Each structure stands twice: as structure tokens, then as C-alpha cells.
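Visitor: Using the sequences provided together with the hints, build the complete structure.
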Amino acid sequence: MKLTWLGHACFLLEEDGYRIVLDPYTGVAGYPPLHIQAHAVFCSHGHFDHHATDCVELLPERESPFTVREVETFHDDRGGALRGTNTVRIFTAGGLSVAHLGDLGHQLTAEQAAAIGPVDAVLVPVGGVYTVDAAGAKAVCDALHPRCVVPMHYHHAPYGLTEVDSVEPFLELWPAEAVHHLQGAAFELTEQTAGVMVPSF
Numbered sequence: 001m002k003l004t005w006l007g008h009a010c011f012l013l014e015e016d017g018y019r020i021v022l023d024p025y026t027g028v029a030g031y032p033p034l035h036i037q038a039h040a041v042f043c044s045h046g047h048f049d050h051h052a053t054d055c056v057e058l059l060p061e062r063e064s065p066f067t068v069r070e071v072e073t074f075h076d077d078r079g080g081a082l083r084g085t086n087t088v089r090i091f092t093a094g095g096l097s098v099a100h101l102g103d104l105g106h107q108l109t110a111e112q113a114a115a116i117g118p119v120d121a122v123l124v125p126v127g128g129v130y131t132v133d134a135a136g137a138k139a140v141c142d143a144l145h146p147r148c149v150v151p152m153h154y155h156h157a158p159y160g161l162t163e164v165d166s167v168e169p170f171l172e173l174w175p176a177e178a179v180h181h182l183q184g185a186a187f188e189l190t191e192q193t194a195g196v197m198v199p200s201f
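Positions 1 to 201 (the UniProt record's numbering) are the ones given, in order, by the sequence shown.
It is worth saying that the hints were derived from the structure and are not from the lab.
As the structure is a prediction and not an experimental result, all values here were calculated from the model.
Check each hint, because a few of them may be wrong.
[As the list claims (entries may be wrong)] Here are the simulated distance ranges between beta carbons:
{"no.": "1", "residue 1": "R78", "residue 2": "Q37", "range": "36 to 42 Å"}
{"no.": "2", "residue 1": "Q192", "residue 2": "D54", "range": "36 to 42 Å"}
{"no.": "3", "residue 1": "G94", "residue 2": "A143", "range": "36 to 42 Å"}
{"no.": "4", "residue 1": "A143", "residue 2": "E172", "range": "16 to 22 Å"}
{"no.": "5", "residue 1": "L182", "residue 2": "V129", "range": "21 to 27 Å"}
{"no.": "6", "residue 1": "A110", "residue 2": "P60", "range": "39 to 45 Å"}
{"no.": "7", "residue 1": "S166", "residue 2": "A186", "range": "20 to 26 Å"}
{"no.": "8", "residue 1": "E61", "residue 2": "G94", "range": "32 to 38 Å"}
{"no.": "9", "residue 1": "S166", "residue 2": "T26", "range": "18 to 24 Å"}
{"no.": "10", "residue 1": "G184", "residue 2": "P158", "range": "14 to 20 Å"}
{"no.": "11", "residue 1": "D16", "residue 2": "P158", "range": "34 to 40 Å"}
{"no.": "12", "residue 1": "E163", "residue 2": "G17", "range": "37 to 43 Å"}
{"no.": "13", "residue 1": "V129", "residue 2": "P32", "range": "20 to 26 Å"}
All C-beta atoms, glycine included, are put in the ideal place defined by N, C-alpha and C.
Guide: Okay, here's the thing in C-alpha cells:
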């Protein structure tokens, strides 16, 4: 399975030529306008920086190699009272599973973690303010035990929401040898992929 970070919390998943876009954004400082083709698009919630479906040109329908599961969570730590709900989705193809946590704003309950289940990779927000912060994101990863972690939803000047934190506080919580700064935005997820993958934009 190929994963490409398109910026902010937006990713492209590809398997056997089938393309899925997750949480397309618009209006996020620094990032260029998003325009991409895909067979399907999924959004964790309805905010502008996660739900810009008009930026995705849908390709002709074909059978998907992905199965998709959903786990309902919240965009804050007050049961959704501040920012509403958030849908975690687990995408499985080619024997590998990836969980996109959207704008998760709280620690997972035991029931939610069990519902997400074993996954190979987790795409986790780390910037705080609107989501879990660095420590909260690390705790979520510890609860899910993925082999691979990809941080998202952080500020890296000139890109991203200026009020959220950078990725560095999250990376500092991991052993240095576990952190891999990639030379591009994409990587192949395999059964051997392990550690914290930090794509470059």
C-alpha cells in the first residue's frame, strides 16, 4: 500500500491503482490549493480543513481493494460539546491496515481502541488546540500499538494552522532511532515498515 501525505491531515492511499483521498483541505495557511483525482474520498468531519470534497475529482467507479471500518469518536475532550464528532476510519488492503484518526480530541476508551483493533499504521494529529497534543497523541499510539506512525495536523512554517504546535514535541517522545525523516511525501507501507515516518512537503 502506498501512502502519500498531501499536507495537513490529507493523505492519498493507493492499492492496485485504486486511489482514496482522506480529509481534503482548503484554506489552510501556506499549502497550495489542493486538486487531486481519486476513486473515493472520506472525511473525518465537516470542518473546512478536512471536508473540501470539491478539491477531489472523482475517477470512474471500479471495484475497491479496500475495506473500510468506522469508529465514532469526538473532536474534543468534552464528548463533542465543543467541536462535535469525529470519525476514525480503518482502511485495509493487501493484508495491511491503516487508521486515520482525523481530528481526534481525546484519549481512546478501551472500547474504541478495541473497535479500531490491530493496525499496521496510524495517521495521528499531534498539534494540539483542536486535537490531542503531542503527549496525547503518543498515548493514543501506545494504546493502539501500530508498527508505523505518521504525524499530521501540525504547523511547519509556512505551512499549517498557526495556532497549533509543530511536530517536534511529538517526535521528542520517541527514541531518535525510531524517527525517520523522509525525502518526499510518499512511502510504501509493507509488513516491515516500522517507526515514526515524517514525510516532507
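Visitor: Checking against the hints above, which ones are violated?
Guide: Checked against the structure, the hints that fail are numbers 3, 8, while the rest are satisfied.
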